[in-house]
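Chain order of the listed sequences is V and U. Using numbering that gives the first Met the number 0, the first residue of the first sequence is number 0, and each one after it goes up by one. Using numbering that gives the first Met the number 0, the first residue of the second sequence is number 0, and each one after it goes up by one.
For the record, the hints were derived by calculation from the structure and aren't laboratory data. Be careful, since some hints might not be right.
Said to hold, decoys possible - The list that follows gives simulated cross-link-like pairs (lysine to any residue, SDA-like), each with its CA atoms no further than 20 Å apart:
| id | chain 1 | residue 1 | chain 2 | residue 2 |
| --- | --- | --- | --- | --- |
| 1 | V | K396 | V | N414 |
| 2 | V | K26 | U | G432 |
| 3 | U | K348 | V | F28 |
| 4 | U | K348 | V | D34 |
| 5 | V | K26 | U | L433 |
| 6 | U | K348 | V | S36 |
| 7 | U | K281 | U | F345 |
| 8 | V | K224 | U | G432 |
| 9 | V | K557 | V | R532 |
| 10 | U | K136 | V | D7 |
| 11 | V | K8 | U | E401 |
| 12 | V | K8 | U | L433 |
| 13 | V | K8 | U | Y133 |
| 14 | V | K26 | U | Y133 |
As the list claims (entries may be wrong) - Label-pair distances were calculated between CB atoms; the ranges are:
| id | chain 1 | residue 1 | chain 2 | residue 2 | range |
| --- | --- | --- | --- | --- | --- |
| 15 | V | D222 | U | K227 | 30 to 40 Å |
| 16 | V | I18 | U | K227 | 50 to 60 Å |
| 17 | V | Y494 | U | A151 | 33 to 43 Å |
| 18 | U | G238 | V | I18 | 51 to 61 Å |
| 19 | U | L192 | V | Q125 | 54 to 64 Å |
| 20 | U | I15 | V | N177 | 26 to 36 Å |
| 21 | V | Q125 | U | L86 | 37 to 47 Å |
| 22 | V | R264 | U | L298 | 53 to 63 Å |
| 23 | V | Y179 | U | S352 | 54 to 64 Å |
| 24 | U | L86 | V | N406 | 14 to 24 Å |
| 25 | V | G204 | U | L159 | 52 to 62 Å |
Using N, Cα and C, we set each Cβ at its ideal position, and we do this for glycine too.
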Amino acid sequence: MRFNFQADKRFTITGLIIIVFIIIAGKLFYIQVIDRSYQLSASSNVLRYVTKYPARGLIFDRNGNLLVSNKVVYDLMMVKKQVVPFDTMAFASLLNITTDHVRDAFVQASRQKGYSPRKSVVLLKQLPAEACAMLQEKLYLFPGFELLPRTVRLYDREVASHVLGYIGEVDEEIISKNPYYQLGDYIGISGLEKSYEEYLRGKKGVSVYMVDVYNRIKGSYEDGKYDSAAVEGQNLICTLDADLQEYGEKLMQNKIGSIVAIEPRTGEVLAMVSSPTYNPGLLVGRERADNFRTLQNDSLKPIFNRSIMALYPPGSTFKVVNALIGLQEGCVYPQTTYSCHGGYTVGRGVGCHIHPSPLNLTQAIQMSCNTYFCHVFRNILDKPEFGSVEKGFTVWKNHVESFGYGNKLNIDLPNEQKGIVPTVAFYDKYFRKGGWNSLTILSLSIGQGELAATPLQMANLVTIIANRGFYLDPHVVRAVGDSMVRNSNVPEKHYTTIDTQWFDYIVEGMDMAVNGAPGSGSTARIAALPDIRICGKTGTSQNPHGADHSVFFAFAPKDDPKIAISVYVENAGFGATWAAPIASLMIEKYLRDSISRPYLEDYILQANLLDRRAKKK
Amino acid sequence: MQRKSNLVSNLDWGTIVLYVILVLMGWMNIYAAVYSEEHNSILDFSQRYGKQLIWITFAFFLGVVVLLSNGRIYSVFAYIIYGLVILLLLSTLVFGRVVNASKSWIPLGSFGIQPAEFAKFATALALARLMSPYEFKLNTFWSYVKVGLIIAIPAGIILLQNDTGTALVFGSFVLVLYREGLPWWVLGVLFLLVALFISTLVFSTPVIIVALYVTTVLIYMLQRGKFKFAISLTAGLTGLGFLLYLASQTFNIQVKTDYFYIIPVGMGIVIATLYAFFSRTKMIYGLVLFLCVTVGFSLSTEYVFENVLDVHHQKRINDLLGIESDPLGWGYNVNQSKIAIGSGGFWGKGYLSGTQTKFNFVPEQSTDFIFCTVGEEWGFVGSLVVLALFAWLLLRLIRIAERQRESFSRIYGYGVVSILFFHIAVNIGMAVGLLPVIGIPLPFFSYGGSSLWAFTILVFILLRLDADRYGTFKG
Ligand SMILES: [Zn+2]
């Protein structure tokens, strides 16, 4: 009897099911029989999405000179199903290519991933506008073909390739990670094109059309309800000075290395040269792939941005850091003198060149005395108050890191390297715990050993000295968008762990290194200018793989620094020989916009230091 | 021999015929959805229709295996099967493969299985086992807790796999509970809450709260005929809200606008409660409770919507309700789906002549949106035939469930009906634009091995149990 008792529930459930099915049937009846609009919108069958590509943002230098703009090229599209037999010869001659080229393109197109004879596929990519003009007029003779305008980069001046970077087509991996991109889209791959991709790219728009089975456009879908306009990319104002950049690239021709110049007050990068460089126009257009391969196979690695990716031993320029740490920790005083007779002789020892002796701190910087800084370094690490060399080393390391060494400076460019500052753990492993002391790692005193920094980090060090104790995040973009206002992302100010008062002794030493009297032991007199007070420091960093690297860093003018610069020339020997004159010329170019020493300029321009590297190997 | 002849004569062949017809119709539509001039061989196993043929063959094999098995094992091993599936579900969380943002596949060589599909019949079995003993009554707190846990555990794990659609399927078991003694008003309240949830998303909170208040007052008036008190209270409170507004404007006080209706409605609740206390009208307590619960619910809805639901589900719901249009996202799909179905007209365009369902413009063409192909190529007539076949199947399954003498079989039967009904109604409802896009397959139609096999096992276990309805076999 229980079942009958429950019968009403069975009928409720049955009723519920029937009601739901009747509602669905009613809706079906409505959309299939009553409402004709669905039939109408489907009568032209399929929708076609035509992407509207925005122009990529332009890039200007700090003075408003256009560096990167766009030019129009065309992609020749084809819908295989609609192509009727046509005069291949006439077609090829309109495009100014061979018939074989056209046939190859057909074969290539049909092998594309996701190829369908009903869909529009790319037949030929990036045809120059001139070549398309003829075809455009005759296109009606070739059904199934279409020219789709695209924009590619145009470089108004062939400078700063590494900073500007390049764009390329997206690959499957990018598409799967970011649905904004579709096959055939471009994306920034390196440099500013990559780090400011989101601003530069703008926003794609789309037009939705209804097309019939023959893919003929029947009109806008739902009166353009689903259309969207393309939003142009935002322009970038970068901090580079195109003239200075160009000059730097010229000076570095036939040399390997890097120049980085920073405006100390703002952290704006004025020039960033990585040599050898390449013409940015090579990575645009149809020959892009071939050119890229050539550049990539070049043993001098022209695509590699040495300014932020190469790791060099800082060499003697690092002595200023040790001097500052010594002063801060009370391990040396400005008046402290040490005598030097050819080198530091404790332990394995460190040699030195010939110069007046004894000398105080400022003179030691002026003459770049190795012996003096061996004393300073050991004073720091073995300071009795620290109790152990490990503790002393850690204090030293923390100071060094406050100068931006061993960490990224977070410049707005991709792939910046962070450099190397060794740790206690590293030495414990390399030697053994307790198996090392200030003598074992003495080469750190002169910027050798387990230390490495990028040219940017070295330029940042001069910036700190020019500012007497702080730096701002170095950056290459000053403003985004048309408003020309400063990027809202204001660079952060970082103070080092050294008190401002100590910097004057360093500045004095660097001043004397350039402007000391003849015969006083100054190491960089070649860099001196009569009317601009340059403060600089040479370095010759030992290179285990070949000839020593020539290093120089400087800032000017002494009392109101406008430019801080580091120059690194690989395998070029003494800092004073090559790096110092290059820095001096750059400073003069930036501050005076003219060159008073054409002989010095010629000397640099004519130097070809590329083969030195091969010789010593 | 005795057993076999009994099996053959006791088997519900009508259901089996319906099942086979639906599976074959499904395959024809998958073929049509994927069909193109380049690929048209039925046995092209690189295409979905070719693969589906393999899945179908295996499904038939599974059906036969279930029919030849001993009917008792399903009640005896119900909990073990359930436990194993739960373990499998948990392991997908760990080893699973992510497909369409859901981590619900276990890779098995070149293809994968979705344990969530099999969790449905396992839960139906476990539920039947729990509720079948004569002494079990759905009226104590603990009985609800046990039933709730059986259903919520797999649903919860599936929710963690990000497969909200499949998790919602478990809600359909409420029909089983209703059949087994859940009071009608629980269904009514659930329905009310769903309606409230949707209207909260469509209308703004003040509108909902005021509407609820007015509804409550109307119920009171209709029940008691005390118009004067109700109207004067409402008028007084409206006046109070207006006064508050004026005051804030006059004295230039920055007040959240919410207070203009929260304070009057709150006072209304207080006054009504006091009135109930002094006039000893019990009904008002009920109404006040009703008002508080519904207002609380609609206030929490927004929070739940924003914080519990996935962004893509939020979008789909918003889209369906017309709150937000995402033309190239899911709204676009539903629109395309409606165009495809709508363009079929009365008679349809003819088999393989559909144009909308080619070109892959609806991404889930052969899975979740397979009904588009039916609608476009077979028209209103064909869609109605498919609907009728499904309805027939469901009604037949209800009849089968009701004729069982063992409550285990009956409860399981209703489980089968609930699951199939939910899938059919939601899938087709979504394709015609009645419901938000919830990615669950259309039984027997949608492409995919796991779902076909799971539905096959689901139905054939019932047929197996049904074959034993005249008595149990010992052996
Ligand atoms: Zn010396």
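These are the hints, each one checked on the structure:
no., hint, in the structure
1, V/K396 - V/N414, "violated, 24 Å"
2, V/K26 - U/G432, "holds, 9 Å"
3, U/K348 - V/F28, "holds, 16 Å"
4, U/K348 - V/D34, "holds, 17 Å"
5, V/K26 - U/L433, "holds, 8 Å"
6, U/K348 - V/S36, "holds, 16 Å"
7, U/K281 - U/F345, "violated, 56 Å"
8, V/K224 - U/G432, "holds, 19 Å"
9, V/K557 - V/R532, "holds, 5 Å"
10, U/K136 - V/D7, "holds, 19 Å"
11, V/K8 - U/E401, "holds, 11 Å"
12, V/K8 - U/L433, "violated, 26 Å"
13, V/K8 - U/Y133, "holds, 19 Å"
14, V/K26 - U/Y133, "violated, 43 Å"
15, V/D222 - U/K227: 30 to 40 Å, "violated, 54 Å"
16, V/I18 - U/K227: 50 to 60 Å, "violated, 40 Å"
17, V/Y494 - U/A151: 33 to 43 Å, "violated, 58 Å"
18, U/G238 - V/I18: 51 to 61 Å, "violated, 44 Å"
19, U/L192 - V/Q125: 54 to 64 Å, "holds, 59 Å"
20, U/I15 - V/N177: 26 to 36 Å, "violated, 50 Å"
21, V/Q125 - U/L86: 37 to 47 Å, "violated, 56 Å"
22, V/R264 - U/L298: 53 to 63 Å, "holds, 55 Å"
23, V/Y179 - U/S352: 54 to 64 Å, "violated, 36 Å"
24, U/L86 - V/N406: 14 to 24 Å, "violated, 48 Å"
25, V/G204 - U/L159: 52 to 62 Å, "violated, 39 Å"
Comparing the model with each numbered hint stated earlier shows that hints 1, 7, 12, 14, 15, 16, 17, 18, 20, 21, 23, 24, 25 do not hold.
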